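Use these hints to put chain B onto chain A, whose structure you have.
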Amino acid sequence: ELKVEQNPLFLSMQEGKNYTIYCNYSTTSDRLYWYRQDPGKSLESLFVLLSNGAVKQEGRLMASLDTKARLSTLHITAAVHDLSATYFCAGRISGTYKYIFGTGTRLKVLA
Amino acid sequence: DVKVTQSSRYLVKRTGEKVFLECVQDMDHENMFWYRQDPGLGLRLIYFSYDVKMKEKGDIPEGYSVSREKKERFSLILESASTNQTSMYLCASIQPGQDYYEQYFGPGTRLTVT
Chain A
664 ELKVEQNPLF
674 LSMQEGKNYT
684 IYCNYSTTSD
694 RLYWYRQDPG
704 KSLESLFVLL
714 SNGAVKQEGR
724 LMASLDTKAR
734 LSTLHITAAV
744 HDLSATYFCA
754 GRISGTYKYI
764 FGTGTRLKVL
774 A
Chain B
2 DVKVTQSSRY
12 LVKRTGEKVF
22 LECVQDMDHE
32 NMFWYRQDPG
42 LGLRLIYFSY
52 DVKMKEKGDI
62 PEGYSVSREK
72 KERFSLILES
82 ASTNQTSMYL
92 CASIQPGQDY
102 YEQYFGPGTR
112 LTVT
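For the record, the sequence lines run as chains A and B. The opening position of the first sequence corresponds to residue 664 in the numbering used here, with each subsequent residue numbered one higher. The opening position of the second sequence corresponds to residue 2 in the numbering used here, with each subsequent residue numbered one higher.
So that you can see chain A by itself, here it is in the shape it has in the complex:
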């Protein structure tokens, strides 16, 4: 059974700093997703990672996937206040329509 673990659960960081959110998953997943959720809002898709070594970047966010280590990372570069949100990773169980979500990382960027 696929399990997805994110860490840290909470992250408070200063503007301008770099940090990484980690997403470990327990068994094979053929797709790894990253979402952003603002308070009281729904989930917004950020990235879909399909294969080992995949790297995607948008603005100050960069996501990568290492299928051998069963690890995805979301790297934040030079954080700004607007990045404050909760970030979720999710894996799809191969061959199914079932998605397993991590518990989320609540990021707060301090001015």
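It is worth saying that the hints were derived from the structure and are not from the lab. Be careful, since some hints might not be right.
To be verified - Listed next, the in silico DSS-like pairs over lysine-lysine satisfying Cα-Cα at most 27 Å (straight line):
{"no.": "1", "chain 1": "A", "residue 1": "Lys761", "chain 2": "A", "residue 2": "Lys680"}
{"no.": "2", "chain 1": "A", "residue 1": "Lys704", "chain 2": "B", "residue 2": "Lys14"}
{"no.": "3", "chain 1": "B", "residue 1": "Lys54", "chain 2": "A", "residue 2": "Lys761"}
{"no.": "4", "chain 1": "A", "residue 1": "Lys731", "chain 2": "A", "residue 2": "Lys666"}
Claimed, not checked - Here are some chain B residues the structure puts well away from chain A; computed CB gaps all over 12 Å:
{"no.": "5", "residue": "Lys19"}
{"no.": "6", "residue": "Arg45"}
{"no.": "7", "residue": "Ser81"}
{"no.": "8", "residue": "Val114"}
Said to hold, decoys possible - Coverage of chain B stretches by chain A, computed from C-beta distances (three or more under 8 Å per stretch; other residues unrestricted):
{"no.": "9", "stretch": "46-59"}
{"no.": "10", "stretch": "103-111"}
Every value quoted in this text rests on a predicted model; they were computed, and no experiment measured them. We treat Cβ as the ideally placed atom computed from N, Cα and C, and that holds for glycine.
Leaving out everything else, chain B in the frame of chain A:
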């Protein structure tokens, strides 16, 4: 753009009431999902539907049922609401084979059961 809408953003119901949460998507997606989101637990799958009138239990189906009479609409039913069903409910849809099986989420319904 895919649009997934949910009937209510906020809902307050009393214990024992029958509650209907509606979800509509406008992109002819085959698969639709209902999740509940609780702090520290992420999103947990309640039910999903892979076609009209077809459904499959997720991880936490107890106390819930679903209905999908039309392709675009997926309803979540709480037969007799209880306080432990107070939560944020999110609907999502996908079209298999498209968009890397990426889920599109509705805005969510925050349900409070008193």
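Verification of the hints:
Distance check on the hinted pair: A:Lys761 and A:Lys680 sit about 35 Å apart at the alpha-carbon level, beyond 27 Å; violated. Among the hinted pairs, A:Lys704 with B:Lys14 is consistent with the structure: their alpha-carbon atoms are about 21 Å apart, no more than 27 Å. Proximity of B:Lys54 to A:Lys761 is assessed by CA-CA distance (about 18 Å); at most 27 Å being required, the pair is judged to hold. Our distance criterion of 27 Å between C-alpha atoms is met by A:Lys731 and A:Lys666, whose separation comes to about 16 Å.
Its beta-carbon lying about 25 Å from the closest one in chain A, B:Lys19 satisfies the requirement of being farther than 12 Å from that chain. Once the 12 Å rule is applied to beta carbons, B:Arg45 is inconsistent with being away from chain A; the minimum gap is 8 Å. The claim that B:Ser81 lies off the interface holds: its Cβ sits roughly 27 Å from the closest Cβ of chain A, which is beyond the 12 Å cut-off. Every CB of chain A lies more than 12 Å from the CB of B:Val114, the least distance being 19 Å, so the non-interface label holds.
Under a criterion of three residues with beta carbons nearer than 8 Å to beta carbons of chain A, the stated coverage of the stretch 46-59 of chain B is upheld, 4 such residues being counted. Coverage of the stretch 103-111 of chain B by chain A holds. Counting CB-CB distances below 8 Å, 8 residues qualify, and the rule asks for three or more.
Violated hints, listed in ascending order, are 1 and 6; each of the other numbered hints is respected by the structure.
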